[in-house]
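Using the sequences plus the hints, can you model the full thing?
Top line first, the protein sequences correspond to chains A and B.
For the first sequence, counting from 1, position 218 maps to 233 in the numbering used here; every step adds exactly one.
For the second sequence, counting from 1, position 68 maps to 252 in the numbering used here; every step adds exactly one.
Worth double-checking, as some hints may not be accurate.
What the hints assert, rightly or not - No farther apart than 20 Å at their CA atoms in a straight line, the calculated lysine to aspartate or glutamate pairs in the EDC-like style are these:
no. : chain 1 : residue 1 : chain 2 : residue 2
1   : B       : Lys196    : A       : Asp241
2   : B       : Lys196    : A       : Asp240
3   : A       : Lys383    : A       : Glu412
4   : A       : Lys183    : A       : Asp165
5   : A       : Lys383    : A       : Glu415
6   : A       : Lys491    : A       : Glu451
7   : B       : Lys197    : A       : Asp241
8   : A       : Lys183    : A       : Glu435
9   : A       : Lys174    : A       : Asp197
10  : B       : Lys197    : A       : Asp240
11  : A       : Lys183    : A       : Glu211
12  : A       : Lys110    : A       : Asp165
These are computed hints drawn from the structure, not numbers from a lab.
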Amino acid sequence: MALPADLAARSALSRVCSHCSVSFRRQAGARLPNGLFQASQRQQQQRSVHSKCPPPRAAVDSNVPKPAPTSVTKRFSSGFAFGSSAPAPTKTEKKRVLEADDLFHSFTNSPIPEIRKRAAFMRQYARCNHPDHQPHGNLAPAHVDFECPDCGIPVSCSKEHWADDYEKHLEICDTLRQINEDDHDLRSGRFFPEFEYAGPQIDEALINMTNWDTFLYTRSFLAIDDDRSMRQATRASAVGVALGIGDLIYESSNLLPALRYTLHPPKNGGGMDIKGLRVEAPPVRLFILGARAESSLPRDVWVQLAHVFPGSRIHLIFIGPESMTNRDNEFPLPPRTATNPFGAIVEDRVWPTMKISTIVDYYHTLHKTGHFYPYDPYFDCFVMFHPGLGHPASSHEWVETLPMLLETKAPIIVTGYTQEDMERDVAWVNKTAHGEFDMLLEPGENRFRSLRWDLNDLDPQDVSAGNWGVWAFRGKR
Amino acid sequence: MSGLRHNSYYDKKLAQSPALVRARRPYLFKNALTGLALVGITASIYTYTLMAVGQDDFEDVKVPDVPVQPAKK
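Laid out in structure tokens, this is it:
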């Protein structure tokens, strides 16, 4: 794929922190005709010079709620769905504000302003779940106002309702408290060794995908001893996102043989010299549909996928109207030109075998233009992270997309927040496309799910885990 | 592989860290069984050998009735 010079420059720019980018953009503009090489070289210079600037990863603030939500509460969790709220692990500037034994605080009176803001948001939008407020109850709906003293999260409209419904609350109170502490831990300003990622894997060392622990060990990550660190690592770093795919392809090796073969090609004896020239397979394309925070994850996370499959080239394509949200300062959307008809942001020096494109548009729009045609089950795969296929607030957006996905015959991997969420999606697909798809992977718990629980700010009773469940299907041949 | 000293999975006394214990957990019982089997087989071979050798009463060795006196000077 020929890459126009302006794309290259943009991809280089995209790696530079926003503080430095203004002057840099001017320079890069002047040198544009030189194209790729210049861009990448400059990028490296910039990165070394400005290594003190935090990488762009921290910029997405998860908890700034922008749109006023509608009455149907589309899942709006504090967590992964709306941004990697993981602070960038910068050693220099951050000061520790909370000690490890001082993590439990009431949300409303939290020492962390962001959490106070979240509490205010919850009080404004979340509703009390007491049966009296249900449609047949005798009270009008009310917003939450009372904070449970044990978990520090506003859950009920009044102390009476909280006490009345205490048994139900008790089921999740411990989890809520854990969420509370984890959220404070994330903003405690401590150094996060668990966000240090492992580098390339040597050929001789196989990766053990049995579970998180064996994976981290065989990938030579730093040891994560603490449970809390483990939760942060598996959720905030969201390696799990990348792994979800990797694991899936391992797990369903008899179901996705085509893709597995492509991702683990046999050694071809190629080398750097003329003798070593070989015909190389095209990159595996992973279409991540409905991408939200996934598109803003630190690129190190996605590069993990390249380390898991070192033998193949991978092209990640994030597609979705919500991708790159809130990142206009770092990733200004390029204009739609003849050479770049959908204004894709292309980052092609993420890793030698990995390229990332982001397109802020609906997939069905792209599909109709045939931009990615032809599709090949050996090289293409669709991934949808928590798409909410069956969710009343979002399913209408997928109605048009689903037949197109099935038409490509490529595998479609879907994850869900909870069992309920996943089963709702399965049921919706069953209803909408009955008899038109083959199940590749039966719905089940993802063994690389986020170990951390997340809170839905619009409904504090609703606790979920990123990528809790996973299943896969494809169009019937 | 920079050696155990720099490996975060072991502490200063070379004891396993909790992370390593967790990572080895799926294999704990199988490994223990394999170890037991190996030790058992070895031990039984030793035992068998000792018993087998112990049965020998050296009947084929001719022992003279009178000790042979060394030639006196």
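Violated hints - listed by number, lowest first: 9, 11 and 12
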